[in-house]
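Guided by the hints, dock chain L onto chain A, whose structure is given.
Residue numbers (our numbering), protein chains in the order written: chain A, 1 to 219; chain L, 1 to 509.
Simulated from the structure, these hints should not be mistaken for lab results.
Think about it this way: if two alpha-carbon atoms lie no more than 25 Å apart in a straight line, the pair counts; the simulated DMTMM-like pairs of lysine to aspartate or glutamate are:
(1) L:LYS487 <-> A:GLU135
(2) A:LYS7 <-> L:GLU95
(3) L:LYS487 <-> A:GLU195
(4) A:LYS167 <-> L:GLU445
(5) A:LYS190 <-> L:GLU478
(6) A:LYS74 <-> L:GLU373
(7) A:LYS190 <-> L:GLU450
(8) A:LYS190 <-> L:GLU379
(9) L:LYS156 <-> L:ASP201
(10) L:LYS503 <-> A:GLU55
(11) L:LYS409 <-> A:GLU192
(12) L:LYS409 <-> A:GLU193
(13) A:LYS112 <-> L:GLU310
Some chain A residues judged to face chain L by a derived CB distance under 7 Å, without partners named:
(14) SER58
(15) ALA61
(16) GLY84
(17) ASN88
(18) LEU100
(19) ALA113
(20) ASN122
(21) ARG191
Pairwise CB distance ranges (calculated):
(22) A:MET199 <-> L:SER388: 31 to 41 Å
(23) L:SER484 <-> A:MET199: 18 to 28 Å
(24) A:MET199 <-> L:VAL354: 34 to 44 Å
(25) L:LYS432 <-> A:ILE31: 54 to 64 Å
Note that the Cβ used here is the ideal one computed from N, Cα and C, for glycine as well.
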Amino acid sequence: MRTNLQKITNLKNLLCAKYGSAQSFASTCEIYETGVNCLDELGIKRGGIHEFVGESPSSGAGWIIHQVLSASRKHLALIDGRGGFDPNSIADSHCLGNLLWVKCRHAIDAVKAADWLLRDGNLRLVLLDLRFIPEGELRRITTSSWYRLRALAAETDVTLLVFTREKAVPRTDTRILFQQRFPLSVFDQKREEIEMTLMVESSPVDASFEPERRMDRAG
Amino acid sequence: MFAVIYLPDFFLQAQCRDSYKAAPMALVETDVLSGEKKDSKARIVALNGAARESHIHVGMTAAQGQARYGKLTVLTRSKEIEQATSELLLRLANEFTPYFELSGPGICTLDLMRARCTDHGWELGWQIVEELAAAHSLRAQVGFAKTPDLALMIAKQADPVRSVTGDGEDEFLRQLPVTALNPPVDMAMVLNLWGIETVGDFFALPGGDVADRLGAEAFDLWERVTGRKSRLLHLVRSPKEFSQMLDFDDEIHAVEPLLFSLRRVLEALCFSLREAWQTAGEIHLQLFFPKNAAEYEHHFRVPDPTTDVELLFRILHAHLENFVTKAPVIGLRLKIIPARSTKRQSRLFESSLVDSNRFAETLARLEALLGSENVGIPECLDSHRPDSFRMMPFRENNVEPVEIKPPQKVALGLPLCRFRPPVFAEVTLCPKNQHPFKIRSAVVEGIIKELRGPWSVSGDWWRGTGAGNHEARWSRVEWDVEISHPKSGGLYRLVCEKKSEWKLEGVYA
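In isolation and in its complexed conformation, chain A is listed as follows (with noise of 0.2 Å):
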């Protein structure tokens, strides 16, 4: 069976080296597809972390992760700050199979189910959902376990991408703003057709953020 699997890697290794198309089927491709329009427009960069920041309740944040979930070909875990994930919303109850949810109840242990998740490297995109925890507890995530989560996406090739209501990481590969609060009329709208603006930072190193770039993408 171990030799199988050799074989399997070494025609893998030559195939990629041989054709380059392959190369976008192979680990080495840096934008994980997210299978959402307005993410991938963006290039969700692979092994990295990324911070959706929306400081309004209906900013939409839930609606990025409702459709991440939904267009997922490929198991995802979603860390659930406080639980409050509501399976029956989902238009297509079939893409809750790809979904590993994890009810957390405080912040420590939503980092801590996240570095182990990281750590264990099987699944490659993991949600962490952080926006309806309090304020002091977020605050009391320390800058370390941010890096050290940083630094396990890196070496495992996960991508987490991370929900707060305020700015909470403090260095990610990318972080996108939601600017909008969306009024009632939007139960008009086709979850899917729903018309998300982004707004992405440029250099998001540390707390001074440079001059923001304005991106409208439609879902």
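Just chain L now, kept in the frame of chain A:
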């Protein structure tokens, strides 16, 4: 193809290994009742070639043997040593195939149909002979043929390895004396009278006539010699479960010594599993406490069956890391239920889970931290009751990703993010139309800018009003509201289940 490992003069070889040929030797049965090791009346049960040349026969007493040859070495038979040698032979056979039989004392038949065997088994044969000679000082002969009986005959003639296939079979049988078939005495006499001296002569007889004149037993022998009939092997089977129990001399109060002992047991069991060509599918752990305390039991499923000690130990370790007990541990029992190793088509460029066992270990840690009810795959229930779902464990059966199909229903607007439990709210109603007008809660506070509703929903009313059904019935009025507040304003779901008892069920995010 079948292979037979044959240890000539097995009883003597088992006793004195490769020195059995050196001088005339005889083996006598121990007289257990008399308690004397070398009873002068004890009968000879086995001889080596040198002893036979000295006209000593099986059945003679040791004294008669020594009368024929004064320097005859008489050894006492030890069934324990013979048993150990047989086990050694089986263990060696097990290294090459899981399908083998102990055909007799010092005879082991291997079914190589499903094993890779090139060059008609020569390399394999020499490997067996050399290993037995080097490691155990045993002289073996190995024969290869298409049937077990033929392989045995070839092994007895081998020097020390012989493989007979195709046309070589006829040639080999033609020269082989008919006595090599060990025919019954009466049949041997008839064959002798007919002038049948070799197996080839016997083989040349018409099968129907052999059956008519010598009976069914002779016909059976004829068919086996000609290869028309092959007997089934009585395979040596591995046990169905592998378990080991450990009683501690001293009570164990900490997890480290417990893990140390568990690892030791696990290593032994994995060794046995590997020998039996099996992998661990499930692990059952039992911990025993002093008299008053009930034993602790836990079953672990191994998603990708394996015999990797490190991996299996990590599964146990992850579970016992947070294990707390009121009483010290006085013993343990570890049982492994074997399973066939998973055969999975390796995908060329992607796979669902790279390492199922590692993932199971991570899941176990998450479950230990958060509780098994908080980790898994959500499954919506066939009900309109709000928030009705159940958590299914993420197991090996569902590691393959689910294929995305067109949505079953059209979803509108933003998805709901629930408050679990719902948040109580004080709601001021508009005097005109009795619609919610203002809200005050721990989550949000403000004027309701816009709303949609009310939607009256109910269910399980058909269950009646009997005891126990009262809680099953549900009825509520729902509103979707847009609350204006600079920071926490947004779209919320407001619910009224009982009169004037309002709750915020979640936020549309």
